[in-house]
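**Q** Going down the list, the protein sequences come from chains S and V. So for the first sequence, my numbering puts the first residue at 1; every next one is plus one. So for the second sequence, my numbering puts the first residue at 1001; every next one is plus one.
Among the hints, erroneous ones may be present.
[What the hints assert, rightly or not] Footprint (simulated), chain V over chain S, 3 or more residues, beta carbon under 8 angstroms:
no.	segment
1	45-56
2	63-71
[Said to hold, decoys possible] Computed cross-link-like contacts, EDC-like style, restricted to lysine to aspartate or glutamate with a CA-CA straight-line distance of at most 20 angstroms:
no.	chain 1	residue 1	chain 2	residue 2
3	V	K1102	V	D1126
4	V	K1137	S	E53
5	V	K1137	S	E83
6	V	K1146	S	E53
7	V	K1085	S	E53
8	V	K1102	V	E1334
9	V	K1034	V	E1208
10	V	K1137	S	D27
11	V	K1350	V	E1060
12	V	K1343	V	E1060
13	S	K111	S	D101
14	V	K1085	S	D55
No wet-lab data here; the hints were simulated from the structure. Quick caveat, the model's predicted, so the values are computed rather than measured. Ideal Cβ placement from N, Cα and C applies to all residues, glycine included.
Residues per chain are reported as follows:
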Amino acid sequence: MSIIWLCREEQLAPGEKLKVANAEVGDICVYNLDGVFYATTDLCTHATASLAEGDIEDNLITCPVHWGQFHIPSGKAVTFPCERHLRTYRVSVRDGEVYADVSAEAREAEKIECVQI
Amino acid sequence: MTKERIPLRPIDTTPPLRNLDRICDMESGRLSGKVFWDDEIYQQELEKIFARCWLFVAHESQLPNAGDYLTTSMGEDEVLVVRQKDRSIRVMLNACPHRGNKVCFSEAGNARGFICNYHGWSFGADGGRLMGMHESKCYEESGFDKSQHGLRQARVDSYKGLVFATFSDEAPSLEEYLGPMTWYLDVVLDMDGEGSEFFGGCIRSTIECNWKVAAENFVGDILHGGWTHDSAARAMLGSAVANVSDMPESYSVNWNGHGYEFGTDVVGNAATLGEKNINKYLHTIRPRVAEHLGEFRSKLIGAISSATIFPNFSYLPGQNTVRIWQPRGPHKIELYTWTIVNKSAPEEIKDMWRKGCMMTFSPTGVFEMDDGENWEYCTKTSRGLVTRYQDLYVGLGMHTRIDDSELPGNVFRGQINECNSRAFYQRWKDLLEAPTWADVPDRNGRMR
Chain S
1 MSIIWLCREE
11 QLAPGEKLKV
21 ANAEVGDICV
31 YNLDGVFYAT
41 TDLCTHATAS
51 LAEGDIEDNL
61 ITCPVHWGQF
71 HIPSGKAVTF
81 PCERHLRTYR
91 VSVRDGEVYA
101 DVSAEAREAE
111 KIECVQI
Chain V
1001 MTKERIPLRP
1011 IDTTPPLRNL
1021 DRICDMESGR
1031 LSGKVFWDDE
1041 IYQQELEKIF
1051 ARCWLFVAHE
1061 SQLPNAGDYL
1071 TTSMGEDEVL
1081 VVRQKDRSIR
1091 VMLNACPHRG
1101 NKVCFSEAGN
1111 ARGFICNYHG
1121 WSFGADGGRL
1131 MGMHESKCYE
1141 ESGFDKSQHG
1151 LRQARVDSYK
1161 GLVFATFSDE
1171 APSLEEYLGP
1181 MTWYLDVVLD
1191 MDGEGSEFFG
1201 GCIRSTIECN
1211 WKVAAENFVG
1221 DILHGGWTHD
1231 SAARAMLGSA
1241 VANVSDMPES
1251 YSVNWNGHGY
1261 EFGTDVVGNA
1271 ATLGEKNINK
1281 YLHTIRPRVA
1291 EHLGEFRSKL
1301 IGAISSATIF
1311 PNFSYLPGQN
1321 TVRIWQPRGP
1331 HKIELYTWTI
1341 VNKSAPEEIK
1351 DMWRKGCMMT
1361 FSPTGVFEMD
1371 DGENWEYCTK
1381 TSRGLVTRYQ
1391 DLYVGLGMHT
1401 RIDDSELPGN
1411 VFRGQINECN
1421 SRAFYQRWKD
1431 LLEAPTWADV
1441 PDRNGRMR
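For reference, chain S alone in the conformation it holds in the complex:
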């Protein structure tokens, strides 16, 4: 277990996302999808881009540079040119604070057949 603090729950309204710097695993992007929090690496797996600068639509994050898309809960790459899935982190919320376990994938990610790097 390697739990890190991401943000306060109230910092992120539904439909919003936030980049959180982390020295250990690199930048993390936190998302609020209809009240449920998720976290992935912030760097797009295709080319240099911060997903926190992208747009959320239907549980997908669209990269701001080449408009490739990932499924936020599972990290699955779903749209060209994204081929490699996104690393996800297991999120928990306690007392209005959002945390990630950077040693665990999101539960939804475990359903993806191909394990990401």
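Based on these hints, arrange chain V on the given structure of chain S.
**A** Quick look at chain V alone, frame taken from chain S:
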């Protein structure tokens, strides 16, 4: 802080052509067909006119929302016109600064940005800054600085909804460029204080003529109307075009190559659409126009008239067609046309105008067809080497300037008059001969 981008390499300037007086002498009203045919002259026009003048690129109403864009060209330079989040409009080259490929192929739409098909260079809609590219890591490892690259921006300004751009840093301001012509532009752009809009889409077609033939027709040639368009007028109106010279009061005005010829008959142009409700609408709003723009200009809102803003933006009050003659080599133009209407007009009136434009001034329009054939052969006869040097007479209306007119600009008596054509070609020659904007002579008050 992003660094200033490496500036665009200045255009290689070529020496002005010599002996232009031989083929364009507006003091005596003589022109030669060589100006419509010669490729060397055409290349000079791209450099000394289209890369230097303010060119029309869009009407603000075409881009209501942030991210809305359209593609057009400035001369032969393809550009993107994009509405920004701060409501401003940016104009940038539609060419990738990596290998030069076109980055946007559609005519209009809404986009978060533009990505080149070739190597995935990606540009933001917000001013075309370079966002990234495919295999970005390799660029980063070789010390690439993204901030130094992006789609090249043009200078942009607008007048009452009409957006103009220029690639020249030394061009005068748009306000100075248009000068007193804005007083006349208000007749279509600002009839009642509520502004204008483009209604419907853009119709694009080609005509195999030189761009100047078309621009000059609109700058000041109503003479052709009664002759060229006789049969079309009979079809649309049920009778011949009235002799324009019989009309009681008409003028030609020009300024720095822009020109407007007009009667004071309120609805003469509008009547050619064959739609009574349009004339009725114009008569109904005229008192409001008189209140807003004064009695005199209220008589011009749909009158027999035409105009060109130098070099290639033209319009017809009344028919409400707005167009740009895009040069595509010396012998061809791409014609972009739109219908302009008052924002405040009822929807059904706007739609009548849109249909009226299609019936008259579109690829199938009765008047456009008449003009197109004439313009094509005005151009094509000059492929004959001898014909190319035949004198073309542009002298009609010499000595008709009204020196004490209260109207803005250089004012001439009568709209059947080639004074605007002379002013147009004089400006054309002055620009071709001037090494810089500062060298362009001021001919206002001096032209015959």
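**Q** Against this structure, judge whether each hint is valid.
**A** Hint check:
1. Only when three residues or more bring their CB closer than 8 angstroms to a CB of chain V does the claim for the segment 45-56 of chain S stand; here the count is 5, and the claim holds.
2. Check on the segment 63-71 of chain S: 4 of its residues sit with their Cβ under 8 angstroms from a Cβ of chain V, so the three-residue criterion for coverage holds.
3. Simply put, K1102 of chain V and D1126 of chain V have alpha-carbon atoms about 18 angstroms apart, close enough for the 20 angstroms limit, and the pair holds.
4. For the given pair, K1137 of chain V sits about 19 angstroms from E53 of chain S by alpha-carbon distance, which is consistent with the 20 angstroms threshold.
5. Restraint check: the Cα-Cα separation between K1137 of chain V and E83 of chain S comes to about 16 angstroms, which is no more than 20 angstroms; the hinted pair holds.
6. Restraint check for K1146 of chain V and E53 of chain S: satisfied, since their Cα atoms lie roughly 17 angstroms apart, inside the 20 angstroms limit.
7. A distance of roughly 15 angstroms separates the Cα atoms of K1085 of chain V and E53 of chain S; the hinted pair therefore holds under the 20 angstroms criterion.
8. A hinted pair counts as satisfied when its Cα atoms are at most 20 angstroms apart, and K1102 of chain V with E1334 of chain V qualifies at roughly 18 angstroms.
9. Note on K1034 of chain V and E1208 of chain V: the hinted pairing holds, with a Cα-Cα distance of about 16 angstroms set against a maximum of 20 angstroms.
10. About 17 angstroms separates the Cα atoms of K1137 of chain V and D27 of chain S, which keeps this hinted pair within 20 angstroms; it holds.
11. Restraint check: the Cα-Cα separation between K1350 of chain V and E1060 of chain V comes to about 17 angstroms, which is no more than 20 angstroms; the hinted pair holds.
12. Restraint check for K1343 of chain V and E1060 of chain V: satisfied, since their Cα atoms lie roughly 12 angstroms apart, inside the 20 angstroms limit.
13. For a cut-off of 20 angstroms, the pair hint linking K111 of chain S to D101 of chain S stands: about 18 angstroms separates their Cα positions.
14. Restraint check for K1085 of chain V and D55 of chain S: satisfied, since their Cα atoms lie roughly 15 angstroms apart, inside the 20 angstroms limit.
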